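For the sequence shown, my numbering begins at 1 and goes up steadily by one.
Bear in mind the hints are in silico, worked out from the structure with no lab data behind them. Predicted, not measured: the structure shown is a model, and the values here were computed from it. Take these hints with a grain of salt, some might be off.
[Said to hold, decoys possible] Beta-carbon label-pair distances, calculated as ranges: (1) Val43 with Gly269: 36 to 42 Å; (2) Thr159 with Ala72: 53 to 59 Å; (3) Arg387 with Ile25: 21 to 27 Å; (4) Gln383 with Pro18: 40 to 46 Å; (5) Gln198 with Ala9: 48 to 54 Å.
[Unchecked claim] Straight line, CA to CA, 35 Å or less: simulated DSBU-like cross-link-like pairs of lysine-lysine: (6) Lys26 with Lys58; (7) Lys71 with Lys58; (8) Lys26 with Lys36; (9) Lys58 with Lys36.
Backbone N, C-alpha and C fix where the C-beta goes; we use that ideal spot for every residue, glycine too.
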Amino acid sequence: MSTVSSDLAFGALEPQQPDVLLSLIKLHADDPRPDKIDLGVGVYRTADGRTPVFAAVKAAEQRLLDEQPTKAYLGPEGDFGFLERIAPIVFGTGAAASDLFAVQTPGGTGALRLAAELLAAGKPGGRIWLGTPSWPIHAGIFEMAGLEVVTYSYFDAATQAVRFDRMLEALSGAAPGDAVLLHGCCHNPTGADPSLDQWRALAELIVARGLVPLIDLAYQGLGAGLEADAAGLRLVMRDCDNALVAYSLDKNFGLYRERVGALFVRARGHAQLVQSNILRLARCAWSMPPDHGAAVARVILEDPGLTAAWREELESMRVRLAQVRAALARAAPSVAGLAAHHGLFALLPLSPQQVLRLRQDHAVYMAGSGRINLAGLNHDNVQTFARALEACLQEEFA
């Protein structure tokens, strides 16, 4: 047994706080009240609270079970057929994607981490601009990769409006070569996206300032539809010489636990150099990406019948989310502005104390920031939640 103090190995570590959203799962499960409402963890749910496997996914998995010839390693790029089939969905049929280099990643989070490490290696000490609030893990990913995170205010919860003037003002101060994180659609956690005119203005600024957009597209198809949800991204990509897109299939294929994602990178003038570095970073991070989920998506997208079935199921999810959003906006006038937004999430103008009061008095479980997952609402509970929300917003707290 070693007699050397373990402080030499782990003495600099500091305790880390547990994930608050994950702790909400247990709190909700332990609550005996029959009318409890779970608006926490960001997965899609049906009206009866299930997160089902897509029928198209089940069919593709059966086909793989019957026909897949091998479980041998993939290369670090991943499943080429998957990458070729997903690219037109992101960038459009017939879009000039020939100058984009793609790699399969373990989920959208893996794509973001790979992008961050590439940016940090390409420009040591580089900066990335991040509108707040954002997905909480965004800042952590970038900081751990060695990037300096510069924030600006993106959203006003009280008015349910994007602070686009502040966004433009902040990015006007960015230096050439700085990266900027953009949510492709269905902004997490606010649900509030720029309009198409605002996307155009944003694209013009990015090109004029020589910025590098990193677009996180994790909810395509859950907002206004597959094509409409990619419209802003395509405007930005149209004229940028350098750009990155982190893509996730967790939500729009229901492949949460399979961890399926992709990173697309354009680097005009440095393509080969960037490609070699991406492959080395990926090789050192996860060697080869996991195969099953990407193979499932490829099988679906190779088969017109399965593709049509997937699109139909995705559209039904989108419609349900839009209906719930509209119903909540009608029932809770204080947050009526959220009707103009898209996707799973809305950010309500609640303090942590008000969130706690909703949990204690009304059995409503949500993040302390006021972010809710609209998929936790349905025809039976949306009015109940709206009444509790309106009452809470009208109360005064010390």
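Hint check:
In this structure the hint that Val43 and Gly269 lie 36 to 42 Å apart at CB holds, the actual value being about 41 Å. A beta carbon spacing of about 55 Å between Thr159 and Ala72 agrees with the range 53 to 59 Å that was offered as a hint. The hinted range of 21 to 27 Å is satisfied by Arg387 and Ile25, whose Cβ atoms lie roughly 25 Å apart. At about 33 Å, the beta-carbon gap between Gln383 and Pro18 misses the expected band of 40 to 46 Å.
Against the hinted window of 48 to 54 Å, the Cβ-Cβ separation of Gln198 and Ala9 comes to about 50 Å, which satisfies the hint. For the suggested pair Lys26 and Lys58, the alpha carbons sit about 29 Å apart, so the restraint of at most 35 Å is met. Under the criterion of a C-alpha separation no larger than 35 Å, the hint pairing Lys71 with Lys58 is consistent with the structure, at around 19 Å. The hinted pair formed by Lys26 and Lys36 meets the criterion: a straight-line CA distance of about 13 Å does not exceed 35 Å.
A C-alpha spacing of about 31 Å is found between Lys58 and Lys36, which places the hinted pair at or below 35 Å, so the restraint holds.
The structure is inconsistent with hint 4 alone, although it conforms to all the rest.
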